[in-house]
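Peer 1: With chain A held as given, fit chains B and C onto it using these hints.
Chains as they are written, first to last, in the UniProt record's numbering: chain A, 1 to 164; chain B, 1 to 187; chain C, 1 to 357.
I should point out that these hints are in silico values taken from the structure, not numbers from a laboratory. The beta-carbon is built from N, C-alpha and C at its ideal position, and this holds for glycine as well. Be aware that a few hints might be false.
Derived contacts from chain A toward chain C, CB cut-off under 10 Å, selection only [what the hints assert, rightly or not]: (1) A59; (2) L97; (3) L127; (4) Q128.
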Amino acid sequence: MFMTFALITLLGALGMLLQKNIIVAGLFMVATFFGVAGLFLLLANPVAAALQIIVYSGAIMVLVLFVIMMLNSHEEEKAETSRPVQRWVSVALVLALAFGAVKLVLSSAGVKALDLRGAAMPQAMTLQKVGTTLFADHLLGFEVAGLLLLAAMIGAVALTKRNL
Amino acid sequence: MGVVVKKVELSWLDRTYVWPVAKGMAITFRHFIKQLFTPTSKRYTIQYPDMKKEMPDGYRGLHELKRFEDGAIKCVACFMCQEACPARCISIEAEEFSDLNITQGFEEKRPAKFSIDMLRCIYCGMCEEACPKDAIWLRKDYEVAAYDRLSMNYGKWELMNTYAEADGKERISQDNTPSVPRRTIAL
Amino acid sequence: MDKLASLLHMTPAIFWMVAKVVIVFSAVMLLASVWTWVERRGSAMIQDRIGPNRAKLFNRWPILGLSQLLADGIKFFFKEDLVPTDANKKLFWLAPFLAFVPALIGFAVIPFGKDFVSGGITYHLSVLDPGNGMGLLYPLAIGGVAVYGVLVAAWSSNNKWSILGGMRASAAMVSYEIGMSLAVLTIFMTTGGYDPAEVISAQGGALWHVLPNWNIFHQPLGFIVFFTCMFAETNRLPFDFAEGESEIVAGFNTEYGSMKFSLLALAEYSHLMTASALVATLYFGGWQVPFMPDPPVMLSILSFLVKMLFFAWVFVWIRWTVPRFRYDQLMRLGWKAMLPMSMFNLVFHAWRMSQGH
Chain A
1 MFMTFALITL LGALGMLLQK NIIVAGLFMV ATFFGVAGLF LLLANPVAAA LQIIVYSGAI
61 MVLVLFVIMM LNSHEEEKAE TSRPVQRWVS VALVLALAFG AVKLVLSSAG VKALDLRGAA
121 MPQAMTLQKV GTTLFADHLL GFEVAGLLLL AAMIGAVALT KRNL
Chain B
1 MGVVVKKVEL SWLDRTYVWP VAKGMAITFR HFIKQLFTPT SKRYTIQYPD MKKEMPDGYR
61 GLHELKRFED GAIKCVACFM CQEACPARCI SIEAEEFSDL NITQGFEEKR PAKFSIDMLR
121 CIYCGMCEEA CPKDAIWLRK DYEVAAYDRL SMNYGKWELM NTYAEADGKE RISQDNTPSV
181 PRRTIAL
Chain C
1 MDKLASLLHM TPAIFWMVAK VVIVFSAVML LASVWTWVER RGSAMIQDRI GPNRAKLFNR
61 WPILGLSQLL ADGIKFFFKE DLVPTDANKK LFWLAPFLAF VPALIGFAVI PFGKDFVSGG
121 ITYHLSVLDP GNGMGLLYPL AIGGVAVYGV LVAAWSSNNK WSILGGMRAS AAMVSYEIGM
181 SLAVLTIFMT TGGYDPAEVI SAQGGALWHV LPNWNIFHQP LGFIVFFTCM FAETNRLPFD
241 FAEGESEIVA GFNTEYGSMK FSLLALAEYS HLMTASALVA TLYFGGWQVP FMPDPPVMLS
301 ILSFLVKMLF FAWVFVWIRW TVPRFRYDQL MRLGWKAMLP MSMFNLVFHA WRMSQGH
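Same shape as in the complex, but just chain A (with noise of 0.2 Å):
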């Protein structure tokens, strides 16, 4: 199940990024959302995978093609004249990063801890669990958030209507 699920988020990824027309790119991006929310269900956390479901699949890259759409990009833009070392030097970057990642998360005391231990299945993430968090533990960080969100869409309202 990992695999198949890992599988189609690391595929969509590629795809996403290896595909010039801007809107399949833009459905496989939907694909790798799905990839990562059956990875939320294996984790056990199936309120993340709705929720994944919900905001990113159903609303934000709806948004995006909606907009992709309205602006008719269809033929990508010439690309700019390659650049060998530039190429060579992120990709080189990219695999230092990861390798970074790989090398962090392996040493890092959680996956010990989950060695020494075996994997316990976690207990199932619910609502209930989702919202006792938020409203209790990270009552601060939540309201911050809201506000950094409501800053944000005023400032879209002020910037987009020149004449209030």
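Peer 2: Chains B and C alone, transformed into the frame defined by chain A:
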């Protein structure tokens, strides 16, 4: 000149939108129930091949060449209808015939061939108007169709028998000799 | 049941699962295709017409025109399968499935009858057993994904009408999803759980001894918002902006023909079935029978079916009553009426709960 459009002031009940929708649904439901419990024969829709519409008087449908009671054709081949026809769909060939039994040596006229091309006919009724003998009628049959063009060219015998079944008359396929001289019959 | 399972070399649990999947989805598909007939006959009756009644099974039995379904199916199968030259072929093929599958699988969490115990095992009458953690978030998620069918169909046809339809559909769906989610959220809040089984069992009993204890009597405003949003979600008149026959030809399915079109049409009706099942579950007590605390299983299934089909009929009924909105009216209704109403509903019930109701 502009037209002043009066803006309809909606009541608050109408502006909720829910109440007007409910009213509309009541109307459609009434129609639904009414139609559901109306027997098929009384509905507005006429189930065509099974039911046929009774055409109004004065309808101009398929032609009939009228006959006398003894079966002789009323037409005297005067060519009036052929002349009157704006679509030029009537073609007549006349012949003379003598009825030796009654009036010796007296010869009368009748069509040997009488054909109407139903594909060209426009059902205007001019032939009916022109006919001095009331020998051609446009009646209420409107099912004039065929699988090929040739059979849409109605000949004399077809035209004489178009309403035979509807009137309960015999189909005839040969010229009956009139029992009395035609000119003595008052029309 | 156990004997049947052992005959097929399966454990009863797996057999039950497979049976549920097969029965539920084929039932929804069957109902969806029957509903095309209901739509046509019903609209005909509403407009004082007769509707399709001439197709005959084996050239003999007209059965009220129901055999029209078979005739249509056969016709669709044998029609030419046309793909426009400039269309994106793969996406053009994919789109009907993207529309059909979410419309169908949204039904999976909805319990269509009371649980029963046989041989020491509890059998749940819903494809996904209660307590799966997704609960009613699942149909919401699937409903949000359903727009991709329309969107992909619209875009891949490479037709201006189609793209207009797809864009309208996506904008409408996104804006109405918010109002709908808030309405559903209020139900989660008052129920204290988001599993459909909990939502239904909370609606048992009677209210003031005269009414069944259904959510509709607690939250009529929420019901109106949810039901209206369901019209936008299923893309049906008065909100059928994806199709808009009189303005944008046929919208997203302009270029579709033969079996692909029939899949798109079937998707619409499956979506309708899922939507009406959701309405029945959320606001009308699901399988609860009024004034009967512990109904027999068969009666509970019947009760659910009656409620669901009634709402499916209301979808048809409203479609042939109300004229279509203009696009800006739709947006205004969505943002300026539905969203504040559902917000008010949410805050009002939060206040009531804080008062100890």
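Peer 1: Confirm or reject each hint.
Peer 2: Each hint tested on the structure:
| no. | hint | result |
| --- | --- | --- |
| 1 | A59 | 6 Å, holds |
| 2 | L97 | 32 Å, violated |
| 3 | L127 | 5 Å, holds |
| 4 | Q128 | 8 Å, holds |
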